[in-house]
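Visitor: What follows is each chain in one-letter form.
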Amino acid sequence: MSSSIESLVNKEYQYGFVTDVESDTIAPGLTEDTVRLISSKKDEPEWLLEWRLKAFRRWQAMTEPHWSNLKYEPIDYQAQRYYSAPKSITPLQSLDQVDPELLRAYDKLGISLSEQKHLAGVAVDAIFDSVSVGTTMKAELSKYGVVFCSFTEAVHNHPELIKKYLGSVVPYSDNFFAALNSAVFSDGSFCYVPKGVRCPIELSTYFRINAANTGQFERTLIVADEGAYVSYLEGCTAPKRDTHQLHAAVVELVALDNATVKYSTVQNWYAGDKDGVGGIYNFVTKRGKAHTNSKISWTQVETGSAITWKYPSVILQGDNSTGEFYSVAVVNNMQQADTGTKMIHIGKNTKSTIISKGISAGKGQNSYRGRVKMLPKASGSRNYTQCDSMLIGNQCGAHTFPYIEVANNSSTTEHEASTSKIGEDQIFYCKQRGLSAEHAISLIVSGFCREVFKELPMEFALEAQQLLGITLEGSVG
Amino acid sequence: MSSSTEAYEQAFGALRASGGTGWLPALRREAMDRFSALGFPTTRNEDWHFTSVTPIAEKVFKIAPTRTGPATLSPADITALVIGDPDWHRLVFVNGRFEASLSAFAGLPAEVRVTTLAEALKESPEFVAEHLGKLASGEGQTFTAFNTAFAQDGVVIHVPGGEVVEAPVHIVHIADSHAAGVGIHPRLLVVVEPLAQITIVESYACAGPMSGGYLTNAVAEIEIGNGARVDHYKIQRESTDAFHVGTTQVRQGRDSMYHSFSYAAGAAISRTNVYTQLAGENAEARLNGLYLIDGAQHADHQTFVEHLAPACASRELYKGILDGGSHGVFNGKVYVDPIAQKTDGKQTNHALLLSDHARIDTKPQLEIFADDVKCTHGATVGRLDEGALFYMKSRGLGAENARALLTYAFAAEVLETIEVDALREGLEALAFARFTQSELR
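So the sequence lines, in the order shown, correspond to chains A and B.
In my numbering, each number is its position in the first sequence, counted from 1, plus 2.
In my numbering, each number is its position in the second sequence, counted from 1, plus 469.
With the rest of the complex left out, here is chain A (with noise of 0.2 Å):
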């Protein structure tokens, strides 16, 4: 490894910096109190309450699983603190009351919440810790009927939406992780798309853990109503902390008749030194639920977290309905991810596609961990899967876990799977073409994760090829 390359590699990670506001934090544990406790200081229904209730009792019940290719130290659950939120922020405030310090550090990632500078067109939910700062774009976005605000928020102004989609595509009884979020999540987006509405703007959710020892577990639910569409982007950083911190995320995405559900992801939570020291510990159940002709399609780019557990999937309920997952995931030094999905063909013709691109450096570990399952009357129902692993050094590992499972014969499934390793001779000839080391693993990088990035929108597309660039560096010399 040359040295030029090798200072590259203790490049500070950009976003590790924390933010110094004055936080409601509770005490650590996790009891029935704490349930009602944030949902007391959620000022939440009844019926919420109950439902985290019947969540945690469920979770209690229930074991970590541990049939993922994850090492880790055992998580004490009753170690971490569950709620914690700026003081600064009331409930339900409006942008021009948010602490100048909270903007500051939005600013800082990158992500202006002052209204007047959003030209591209993306509508932001900027949720710090437990709380939702808040959201940008809402006037403009009601002229449509599109609701789009933070998940408290709608929890006062939406019940009847929240009560009927909540849980819909992830009950809480779904896996451990799901039932420990039903219990103690705190904040997250919540999106409504009324029939017929294309929505015309980008929704995204900035997600910044700032406390420490903390969890993040939020919750987002996004309904595409019969015709419509919308496409949502979620980004997330936390800063640099020598312990582990929990985020267990729950994401539920319907997709009524003809509708159209885009969600993508660029994740890069601090991800822990080079000796593993830190880092966060990301278990994730995103699903979605597709109903006649409807297409949901999945896009992460995951680059961040010391462990990264996550399977986006797609319920293929309706006739003629499409699922997509595209992802790119990249570990380096320590780090690992077991990452996937599972695409369940119900409905008849329904179509899936899954192209997954895994990148392994350093002593990362990587596993695809997918699932295909076609039912006994998914008649003429299609998938391709494509799963390819690029090794970088030789202390990495890249596995793939596939499941195919097929119940008719009307339906056709193909698997490719690949391993591959970034070469001296490729990089050589970049070199001797004009490019430095670092552009030569950039772009065979990039060309790698092409058909991934192709499906991201362009902003978004931009900064993750950046983001992969500044994660390996330094991997090959």
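In short, the hints are calculated from the structure, not lab data.
Hints may contain errors.
No more than 30 Å apart at the CA atoms, straight line, and that leaves these computed lysine-lysine pairs for DSS-like [what the hints assert, rightly or not]:
1. K815/B - K344/A
2. K344/A - K165/A
3. K811/B - K365/A
Dock chain B against the given chain A, drawing on the hints supplied.
Guide: Just chain B now, with coordinates in the frame of chain A:
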């Protein structure tokens, strides 16, 4: 401990009562303890996720009886029951017991030793002690431990360095009407020293009408020395109400070659495990298989290729044709150790569903810890290609014939990898007859 393992514990006590002391009773005792402790796998066990062995676990299979009367089968009957050449070196077992009168393997080179396990234990116990249960230790493997505890007989093959055995050694296992309710645990131990070569054919078949199922639980251990080559064919055509579990555990030295072919068409539930360790540089493994199932049959194949040394190659092609309400499972795992640079691994698995009620679960797995490797896997599931059918119809073939021909062609691709002519031709004829209801000319 479940009631069936308790019953097996008693049966073990009775069978091995006069076992005495020494390495063999100790090995068996250890295996019995392991079997009892593990119990039969459930579908919660990841390796058995898609295969329920409940029908096997809830029965207690008896120890195979020794034949009392005269042999009911003649050598000609055996030839009719199996595919292959009657001139090959042949060892025949009926219900797990060796039948000398049906066997003929005298023409082997003098240095090459092919004997029954019982004979080998008398003649060269040190050799058996050195190798038996070493590769297939039964660790975490219920059925392997079950076999080690109850194996009555089997075959031991030892090919010294540089010896080339021309004609295949054919090991025939026949279950006849006395096999109902019986558990048969054949054991095969093969040690091939450097630069030697041998072809082994294992055939499992049943004779006559069956009045109830039986269990065949076979274990093979194959050690392949540097530069040596083993071709191993396993032809499983058990009775359709029998259960078959077969585990082959191989370890390969430098520059060696292991070629395995598995054909599975019989049994109500069958499970075929082929595990090979590429332990020396530049070794090669070729694992191929074909399964043809129908009705309520369940066929599960699991392969595990461990690349433990640099520059090894593995090639895998498994195909399945599923009709009726049958259920196929394929789980192929390729592991590449950090030191196994320059690995070249390829795995392919295709399933053809002829019926809308057939079901297939496949899980091709890669676990790669080295960077300078080329590994791919591909899996497809589907029915016959409409385009190909149309093409054939446009050439004047009827729909039925077109289907039959394409189905046969699907199977033929993997049958073509068989290098033993008599075997390939026999299986091709069988497949052709099955799909076209006519004879191959």
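Visitor: Against each hint, give a clear statement of whether it holds in the structure.
Guide: Structure-based check of all given hints:
no.	hint	result
1	K815/B - K344/A	holds, 25 Å
2	K344/A - K165/A	holds, 26 Å
3	K811/B - K365/A	holds, 19 Å
Violated hints for the displayed structure: none, as all numbered hints are satisfied.
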